Amino acid sequence: MKPIIYEIKRTLTSKTVIIILLLIVLFSLVLGYALKGTLSSANPNAANVVNLDYAYSIKGSNYNLVTYSSNGYGEPVHDVSVSISYNNSTYTATSNKAGYANLTLPVITGKYSIPTINYSYDGNTISRNIAIYANSIDTMQGIYQVTEVINPANTGAYSLNIFYYGHNGTQSGKVDVYYKIGKKLQPGVSGGGTASTGNASESNMVYLTSINKFYTANIPLNLPSSADGHVIYIAFFNTNASILPVNSNMPALLEFSYTTISAGKIKYFAYEGLNGLFDFFIPLMAIMVGYFTYGKDKASGTLDSVLSKPITREGLFTSRFFSNIIAIFIAITIGTAVIDLFANYYLGFYMSLTSAVLIIATFTAMAAAYLGIIYILSHLIKSVSALLGSSIVIFLVFALFWGVIIDLVNLAMGNGTGSIAYTQTAIYLSSISPSSLYTLMLAVKAGTLSSISGATGTPSQYGITYLSVSIIAIIWAVVPYITGLFISKKMD
Amino acid sequence: MIKIKNLTKYFKKNGKAAVSSLDLTINDGEITGFAGLNGAGKTTTIRMIAGVTLPSSGTVTVDGADIVHDKVKASKSIGWVPELPNFEPQAKSISLMIYYAGFYGIDYKTAKNRAIEILKEVNIYDARKMKLINYSQGMKKRFSLASCMIIEPQNFLFDEILNGLDPEGIQFMRNYMKELKKKNKAVFLSTHILSELQNLADKVAIINNGKLVTIIKPDELENVTKSTITIKIKNIDDKIMNILQPYGKAKVEGGEIVLTDIQKDFSDLNTLLVKNNYIVTGFSVEGESLEDYFFKLIGGDNKK
Ligand SMILES: Nc1ncnc2c1ncn2[C@@H]1O[C@H](COP(=O)(O)OP(=O)(O)OP(=O)(O)O)[C@@H](O)[C@H]1O
Ligand SMILES: [Mg+2]
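These protein sequence lines are chains A and B, in that order. Residue numbering for the first sequence follows numbering that gives the first Met the number 0, beginning at 0 and increasing consecutively. Residue numbering for the second sequence follows numbering that gives the first Met the number 0, beginning at 0 and increasing consecutively.
Think of the hints as simulated: they come from the structure by calculation, not from any bench. Computed from a predicted structure; not experimentally measured. Relax, there's no trap hidden among the hints.
In the DSS-like style, the derived pairs of lysine-lysine whose C-alpha atoms are separated by at most 30 Å in a straight line are:
id, chain 1, residue 1, chain 2, residue 2
1, A, K488, B, K72
2, A, K295, B, K12
3, B, K130, A, K381
4, B, K12, A, K381
5, A, K381, B, K91
6, B, K4, A, K381
7, A, K1, B, K108
8, A, K295, B, K128
9, B, K75, A, K381
10, B, K12, A, K489
11, A, K488, B, K75
12, B, K210, B, K4
13, B, K15, A, K488
14, B, K210, B, K248
15, A, K295, B, K72
16, B, K128, A, K8
17, B, K119, A, K8
18, B, K72, A, K381
19, B, K130, A, K295
20, B, K111, A, K8
21, B, K210, A, K489
22, B, K128, A, K14
23, B, K72, A, K489
24, B, K12, A, K488
Going by beta-carbon spacing under 10 Å, a handful of chain B positions derived as facing chain A:
id, residue
25, Y99
26, C147
27, L156
Facing chain A, according to a computed beta carbon distance under 10 Å, are these residues of chain B, among others:
id, residue
28, T52
29, K70
30, V71
31, N85
32, F86
33, Q89
34, G104
C-beta atoms are modelled at their ideal positions from N, C-alpha and C, and glycine is treated no differently.
So here's chain B without its partners, still in its complex pose (with noise of 0.2 Å):
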C-alpha cells in the first residue's frame, strides 16, 4: 500500500509546480488508475513514488517506509515499470538482473536462475544476448517489468505501461496486473488514454496540471460508462426539473438539459416533454465513455 500525502514537486524554485499537494492513497489489491493529460504530472508523481525524484514536500510512504527517509526498505516493496525505460546500454538481460539482484542481496546463482525463469516468462528471453541498447521500446518495458519481478515486489508502479507494447503485450499486460491485483498487490497504471482503465481499473484518479481533480470510485465508474441524454428545448423554466428528476440528475448546460445517472426507462420522456408544452428542438441519447467525463471533468481547468 502506497500513502501519498500533500506530495509537492517544484523542478524551477518559483516556477509551476509540476505536482501540487497531492493526496492519494494506493491500496492492496487494487488496480489504481492515473489518468491525466500530456505534462500534467503523472510521470512526476510516479518517479517520485519510485524514489528517483525527490519531493519538494509532502511524503510518500510505501508499506509504512517512508521513500525518502528510509529509502531502502521503500524500495524494496517497489517495482517501477518506467515511461521510457532506460538501461546501461552496453549491458545484457541476464548480467544486468544479477545486478539488480544484488541490491536485494539475492546471491548470484539464485538471481541467475530466476533471471532465466521471469526473461522467459515475459518473453524477451530468446535477446538475451543482445545489448540492452538495441532493444525496441516494448522490449525494454518488458525487460524493465522483468527487473521488477525478482523479488516480486508488494507494490507496482507501471507508468504509461501499454504505450507502445503490441497487441499481445497490452494482452499480457492487462492479464498480468489482473494476476496482480488477485495477489492482493497494490498496482498504481497510468495513462492519458482513459479507456485503456475500462474493465481495469478499480478507481481512477485524474490529474490536471499537477493537482488532482478527482477519483472516481468504482460505482462512479460503472455509473459514468452509462448514457447521457442531451435534450434541447427553446422554453426552459423551473417546472422542467420535477418532470425530469425521477429520469436521472438534470442540469442545465448553456441553454440545454444534459441528464446523467439516468435512473429509468426514458423511451417517453420527449412525449412527456411535449404534452407538458415544452418545444423540443433536439433529443440525443449517448453513451458516454470515460474519456468524454474525463475531459469533461477537466474541461473548465484546461481551458487556457
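Excised from the complex, chain A in its bound form (with noise of 0.2 Å):
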C-alpha cells in the first residue's frame, strides 16, 4: 500500500476533519433555513394581507361611499366584508370580484363625522377611521391612493397599487409617472409616507409610464438597479405637467424604501454566508490537521518513527502536507456539495460549476497556507504545548481577529470608513491573511468591495481582479509550503 494513501485515510478519518465536516453541513442547514427565511421576510406572504382603500361621492342626498379592497400583490379581494357605523345605524356591504362594496349612506347637511369602518376578512377585523366632509368637494375623491405592493409576477421586485375614484366616480384621466432615486437605505434612512414635492418637476424626474382610464392600476416598479436599496420617490404628472395629489389631499411625492431581492441577491447572500462559515472551519480544519497530523508528531516524536523507514524528510514532509491538503480538499469539496444541496432545497438554486470551482480552489489554497504555516511552526517550536498555543494563536489572528485588526490600524491610522485611504489599507491587510482570499474572490465577483467592512468602491479600482486575487491565492498556497520543505531539510 502507498503510504500517502494510509496518510490520507488517516486524515480524511481524524476526528479533526469528521467533526468540522459535521459542523459545516449543520451550520449550512441553519444558513440555508436563515436564507430562506431572509426571502420570505423580504416578500411577506402577500396575499394574506388585505389593505382597504375608500372614496365616496354625493349622488342626491346620499354618499356613494366605495370601498377597495386588495391584497399585497395589489390584486383585488372579494368577500371582504365591510361595515360602518354611521348616524346611529350600521351600514354594511360585501366586495365583489374586483375588490369593490358600495355603500350609500344618507347626507347630514352641515355635518363632518369621523366614522369607523369596520373590515373583515378570513376571520380577522381591521378598524380603520375615515373622514366625511359635509359637502361634495371632499378630499376623498379624485386623490391617488397608492401603495408599494409586492409584484405577483416577480416576488424579488415592487409594484405601485393605485386607486382612484373621481367626481360622481369618474375615472381618472391620463396619469404620467415619473419616479427619483433618493439617498441609500441605511440604518436611519427609511423610505415611507409623502414628502413635499420641493422643486420636483417632470423634468428632473425619471419617466417610467403613463396610466390612462382607471380606478384601479397595478403598475410593475422596474427601475435601474441602480436604484436598489436606496429610498425612490415617485410623483404623477397631469398632462399639463402638474403634480397631483398623492395619498394626500396636497401635491405630493410618494416616498418608498426600494430594495429588492433578486436571484443574483440571494446568491450573494448564500455566497457571503458560505464565506463567513468556510472562513471559520477551513482555516481551523487546517491547522488541526496540521497540528494532529504533523506539529504533533513531529514534537513528540512519534514522526521519527516514520522518518527512520526508507523517506527522506523532504519527502515525508511533503507526503503528508499533501495527504493533509487533499483530505481537506476532499472535505471542502463534500462541504460545499452539502451546501450546494441545501442552497437548492431551500432557495432553489444550485451554484454554477465556475462558483463552485473558485470555492473549492479558494478555500484549498486557503487550508494550504495555514497547513504550510503550521509545518514551519512544528520545524521550529519543540514542545507539543508551545505548537498547539501557536497554532491556536495563528487562528485567532488571522483566522478570527484579522478584520478586527484591519479595523484597528485604520483607527490608528485615522482613516475614516468608507475613505479611499481606509479601503486601501484593508485590502493591503487582507492580501496578508490567507482567510481573506475568499472575500477578496467574491469582491471580484460581485463586483462591490461590501464584503470588506467599512470598504468603499469597487475592486478593479484597487487593483483586484480575478487575476491579481490568483495570485495572492497562489503565493499563498506555494510559499509557506515550499519555506516548510526548506526548513524540513535543514533543521531537525
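Bring the two chains, given one by one in their own frames, into a single complex with the hints.
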C-alpha cells in the first residue's frame, strides 16, 4: 500500500475532519434555513394581507361610499365584509370580485363626521377611521391612493397599486408616472409616507410609465439596479405637467424604500454566508489537521518512527502535506456539495460550476497556507504544548480577528470608514491574511468591495481582479509549503 | 556494516557537543556494544545513524549509502529500536505495519501476512486490537522491533533495548541478537549498564561526554574480566616491579600497586614480597567486572 493513501485516510477519518465536516453540514443547514427566512421576510405572504382604500361621492341626498380591498400583491380581494357605524345605524356590504363594496349613506347637511369602518376577512377584523365631509368637494375623491406592493410576477420586486375614484364616480384621466432615486437606505434612512414636492418636475425626474382611464391600476416598478437599496420618490403628473395629490390632499411626492431581492442577490447572500462559514471552519480544519497529523507527531517524536523508514525528510514533509491537503480538499468539496444541496432545497438554485470551482480552489489555497504555516511552526517549536498554543494564536489572529486588526490599524492611522485610505489599507492588510482570500474573490465576483467592512468602491479601482487575487492565492498556497520544505531539510 | 566517521552533533550553536568527532565501524556478524553513562551521547549517535537526527558534521555510511545524502537507500538497510519508542497513538499494530511496509514497496496483502507473522513472533499479536497508545513500554519495544523485521535489514540499532523488558523479554532479545549475529547481521546495542554486554558483545565502544574513550576488543574483554590484585606496601621502590613483572601488568596507583593481566599463579606472591623485605599491609584479590573497568576508564573524565 502506498503510504500516502494511509496518510490521506488517516487525515480524512481523523476526529478533526469528521467533526468539522459535520459542523459545516449543520451550519449550512442553518444558513440555508436562515436565507430562506430572509427571502420570505422580504416577501411576506402578500396574499394574506388586505388593504382597504375608500372614496365617496354624493348622489342626491346620499353619499356613495366605495371601498377597494386589495392584497399585498395589489390584487383585488372579494368577500371582504365592510361595515360602518354612521348616524346611529350600521351599514354593511361585501366586496365583489373586483374588490369593490358599495355603501349608500345619507348626507347629514352641515355635519362632518369621522365614523369607523370595520372590515373583516378570514376571521380578521380591521378598523380604520375615515373622514366624511359635509359637502361634496371633499378630499377623499380624485386623489390617487398608492401603495407599494409585491410584484406578483416577481416576488423579489415591487409594483405600485393605485386606486382612484373621481367626482361623481369618474375614472382617472391620463397620468404620467415619474420617479427619482433618493438616499441610500441605511439604519436611520428609510422611505415611507409622502414628501413635499420641492422643486420636483418632469424635467428633474425620470419617466416611468403613463396610465389612463382607470379606477385601479397596478404598475410594476421596473427601476434600474442603481435604485436598489435606496429611497425612491414617485410623482404623478397630469397632462399639464403639474404634480397631482397622492395619498394626501396636497400635491406630493411618494416616498418608498426600494430593496429588491433577486436570484443573484440571494446567491450573493448564500456565497457570503458560505464565506463566513468556510472562513471560520477551513482555517480551523487546516490548523488542526496540520497540528494533529504533523506538528504533534513531530514534537512528540512520533514522526521519527516514520522518518527512520526509507523516506527523506522532504519526502515525509511533502507526503504528509499533500495527504493533508488532499483530505482537506475532499472535505471542502463535500462541504460545498452539501451546502449546494441545501441551497437548492431552501432557495431553489444550484451554484454554477464556476462558482463551485472558485470556492473549492480558493479555500483549498487558504487551507494550504494555514497548513504550511503550521508545518513551519512544527519545525521551529519543539514542545507539543507550545506548538498547540502557537497554532491557536495563528487561528485567532489570522482567521478570527483579522477584521478587527484591520479596523484597529485604520483607526491608528486615522483613516475614516469608507475613505479611500481606509479601503486601501483594508485591501493591503487583507492580502496578508490567507483568510481574506475568498472575501477578495467574492468582491471581484460581485464587483463591489462591500464584503470588506468599511471599504467602498469597486475592486478593480484597487487592482483587485481575478488575476491579482489568484496570484495572492497561489503565493499563499505555495510559499509556506516551500519554506517549510526547506526548513525540514535543514533542521531537525 | 555501518561506518561512522568524525561524527559530531551540536544541538545548540556554540554549545557543548553532544557527540564529538566519533569514529566507529559496526561490522557485519558482530554485536557491537555501545556503553556510556546517562547523557554520554549514545542516543544522539544512534539517532544520527538511524537518520532521524541530522549530524552537524561527519558521515554515517550504511552498507555504502550515506544516511544524509542517500537516505532512502541507507534507511532500507537499518532497523532501529529507539530508547523510548513512540508511535502514532491512535493506530493499531497491523495497519501501522502495513503503512511502514509501504515505504519498502511491499503490497498490502504481503505486508498484512508478514505483520501477523512477526507480531506473533515478538509475542504481541494478542494486542493487535489495542491502540498503540495503550501499549506498555515493553510492548512498544516489541512493536518497534516488529516494525524493523518487516524486511529484515542488514543493520540493527538497539538503543537500551533490554531496559524495560521483562526477564522473558530480555532472554528473547539476547537470543534474537545472537540469531542476528549468526545471520551475519550488524548489531549495535547501547546501554548504560555495561554488564548487559557480558557474554553478548563482540566488542564494546565506550563513550563519555560525547567522545569515544576506547573500544574494548574481544580478547581484552576476556582479559578485563580476569582478577585484579591490589597490594598495599609501605616501602615501594623500583626493584619491586622486577619481582611483579612475571605475574602481570603492575601499576602504582595512590600508594597501592594494582596488578592486572595476571599471567601466572600468584598464590606465592605475598610470601615472596615479604621475603624481599617489603612491608605488606594489604593484599586483596578481586575479579574485575566490565563495570569496574568501565568506571576506571572514564573515571578521570568524569570528575567534574
Ligand atoms: N534534542 C536535544 N536537544 C538538546 N540537547 C540534547 C537533545 N538530545 C540530547 N541532548 C543532549 O545531548 C547529550 C547526549 O544525550 P543522549 O540522549 O545522546 O545521551 P545518552 O547517552 O543516550 O543518555 P541515556 O543513557 O540517558 O539515554 C545530553 O547532554 C543531552 O542533554
Ligand atoms: Mg539514551
